[in-house]
Amino acid sequence: MENSREANTQDVVVRTVDVAKQYGEGEAAVRALNGVTCEIYGGEYLSIMGPSGSGKSTLFNMIGGLDKPSEGSVFVNSVDIAELTARELAFLRCHTIGYIFQTFNLITVRTALENVTLPMLFAGTPPDEAEERGMELLDLVGLGHRYHHRPTELSGGQQQRVAIARSLANHPRIILADEPTGNLDLKTGQEIIDLLRLLNRDQNVTIISATHDHKMLDVSDRIFHIRDGKLAKIETKEEAIASGHAAA
Amino acid sequence: MSEPSARAQFKNVDPPFWVAWNQALASIRVRFFRQLITSVGIALGIAFYASMQTLRIAESSLTKDDTKMQWLVATSLLMCLVGVTNSMLMSVSERFREIGTIKCLGASDSFIVRVFFLEATILGATGSFAGATLGVGLSWIAARASGADVAFADCLGITLGATVIGMVMTVLAAVAPAIQAAKMPAAAALRVEV
Ligand SMILES: Nc1ncnc2c1ncn2[C@@H]1O[C@H](COP(=O)(O)OP(=O)(O)OP(=O)(O)O)[C@@H](O)[C@H]1O
Ligand SMILES: [Mg+2]
Chain A
1 MENSREANTQ
11 DVVVRTVDVA
21 KQYGEGEAAV
31 RALNGVTCEI
41 YGGEYLSIMG
51 PSGSGKSTLF
61 NMIGGLDKPS
71 EGSVFVNSVD
81 IAELTARELA
91 FLRCHTIGYI
101 FQTFNLITVR
111 TALENVTLPM
121 LFAGTPPDEA
131 EERGMELLDL
141 VGLGHRYHHR
151 PTELSGGQQQ
161 RVAIARSLAN
171 HPRIILADEP
181 TGNLDLKTGQ
191 EIIDLLRLLN
201 RDQNVTIISA
211 THDHKMLDVS
221 DRIFHIRDGK
231 LAKIETKEEA
241 IASGHAAA
Chain B
1001 MSEPSARAQF
1011 KNVDPPFWVA
1021 WNQALASIRV
1031 RFFRQLITSV
1041 GIALGIAFYA
1051 SMQTLRIAES
1061 SLTKDDTKMQ
1071 WLVATSLLMC
1081 LVGVTNSMLM
1091 SVSERFREIG
1101 TIKCLGASDS
1111 FIVRVFFLEA
1121 TILGATGSFA
1131 GATLGVGLSW
1141 IAARASGADV
1151 AFADCLGITL
1161 GATVIGMVMT
1171 VLAAVAPAIQ
1181 AAKMPAAAAL
1191 RVEV
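Residue numbers (our numbering), protein chains in the order written: chain A, 1 to 248; chain B, 1001 to 1194.
What the hints contain is simulated information worked out from the structure, not anything from laboratory work. Keep in mind that a hint or two might mislead.
Unchecked claim - Once the Cα atoms are required to be at most 27 Å apart in a straight line, the calculated DSS-like pairs of lysine-lysine come out as: (1) B:LYS1068 <-> A:LYS68; (2) B:LYS1183 <-> B:LYS1068; (3) A:LYS68 <-> A:LYS187; (4) A:LYS215 <-> A:LYS187; (5) A:LYS215 <-> A:LYS68; (6) B:LYS1011 <-> A:LYS68.
As the list claims (entries may be wrong) - Between beta-carbon pairs, the in silico distance windows are: (7) A:VAL30 <-> B:VAL1192: 17 to 23 Å; (8) A:ASP194 <-> B:ALA1176: 43 to 49 Å; (9) B:ILE1037 <-> A:ASP11: 49 to 55 Å; (10) A:ASP128 <-> B:VAL1192: 55 to 61 Å.
Just so it is clear, CB atoms sit at the ideal spot from N, CA and C, and this is done for glycine as well.
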């Protein structure tokens, strides 16, 4: 286990080079990101920490191809995503990245199972195969028995589990989670964190998670600290434990 | 740095037609009351226009001078246009967030527009047809009561014309904001709160 993690260190899945993002113009301009250069390794569990407004969600959007940087570049699997057409970006979002949001963002008019199978249909998976895998994924997150319920009939924790199952639909390399436990109580939040950690270990999927949640730090391999749109500090798990942040 | 070979495999094909169709149907079924209200809004606008059109024919059979009625018909068409556009813009902008989410799941822009096109076609067709029938029917009764006559062929023509006009208005008013939403960066669509 430790050995494979060591080997993964060479495998960079996301690289940002001097990424800056400015919202607005002139007087009203906000520089949400101000030159972030970093490398994220395949199979790691990375937490992005920082105070509110420091630019975590903005970085999340840049890495996930949900928005374009004002300056600098983002490489996902060594492809510069600024060079991709709208259609190629859709492909990247479909196959390479899974997204999890603080507000769950399930499609409210579809059932849990349909939410999980939709990305597979976008990927061209035959419907019966998609349904089979959808049920497997719902079982994996412990919601197999609620497959025909719509999001409004599920609790917050259950909705987030469906969102996790959905993010795994097309075997992504990367799962991006923006404060996945932000709207959940302590216990449910811990369950979601444990589930993400399990997926990270078992399926070797890279997890990148913006968070305020100190429970998240215990499971992270590395922690990026963001301050005022800059990458202030990168801590490994060992350093975090030594400095007392992640002491259980 | 980015090799073309890595990009070459980025071949995104749209899912089969029924995926968009199911999404549109689910959206109508689950949001039934919201969609019903939108549809009634369309129906009322079209009913107004269709009844004015019918009354114009009735009036011209009596007086042979329908310039005044032509103005009324034009006005009713304009009001109907504003009403339908308003209903559709509201119901699409409520759903920017959903559009952003579907984009995150890997939907192409054209898939999103297709879903809204199908929904608007269904809503527009049912709402406009109901409204046109209602408007023409009521005006026909009123015209008969006041001694004027409107030929059945005219009634049929007005009903069909009003239905088509209503459908086209509805589809345009839904698809224009849907295209705009589909083209914006997913992050921006996700931020829209209603
Ligand atoms: N679309 C936008 N338009 C204008 N300003 C924005 C926009 N998005 C973010 N900002 C600004 O950019 C800065 C960084 O925002 P961001 O959402 O990335 O913070 P965050 O670290 O995720 O905060 P939180 O922990 O509260 O979620 C903030 O000052 C915010 O006001
Ligand atoms: Mg945020």
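Comparing the hints with the structure gives:
no.	hint	verdict
1	B:LYS1068 <-> A:LYS68	violated (56 Å)
2	B:LYS1183 <-> B:LYS1068	violated (44 Å)
3	A:LYS68 <-> A:LYS187	violated (36 Å)
4	A:LYS215 <-> A:LYS187	holds (11 Å)
5	A:LYS215 <-> A:LYS68	violated (31 Å)
6	B:LYS1011 <-> A:LYS68	holds (21 Å)
7	A:VAL30 <-> B:VAL1192: 17 to 23 Å	holds (18 Å)
8	A:ASP194 <-> B:ALA1176: 43 to 49 Å	holds (46 Å)
9	B:ILE1037 <-> A:ASP11: 49 to 55 Å	holds (53 Å)
10	A:ASP128 <-> B:VAL1192: 55 to 61 Å	violated (36 Å)
This entry does not satisfy hints 1, 2, 3, 5 and 10, going by the numbered hints stated previously.
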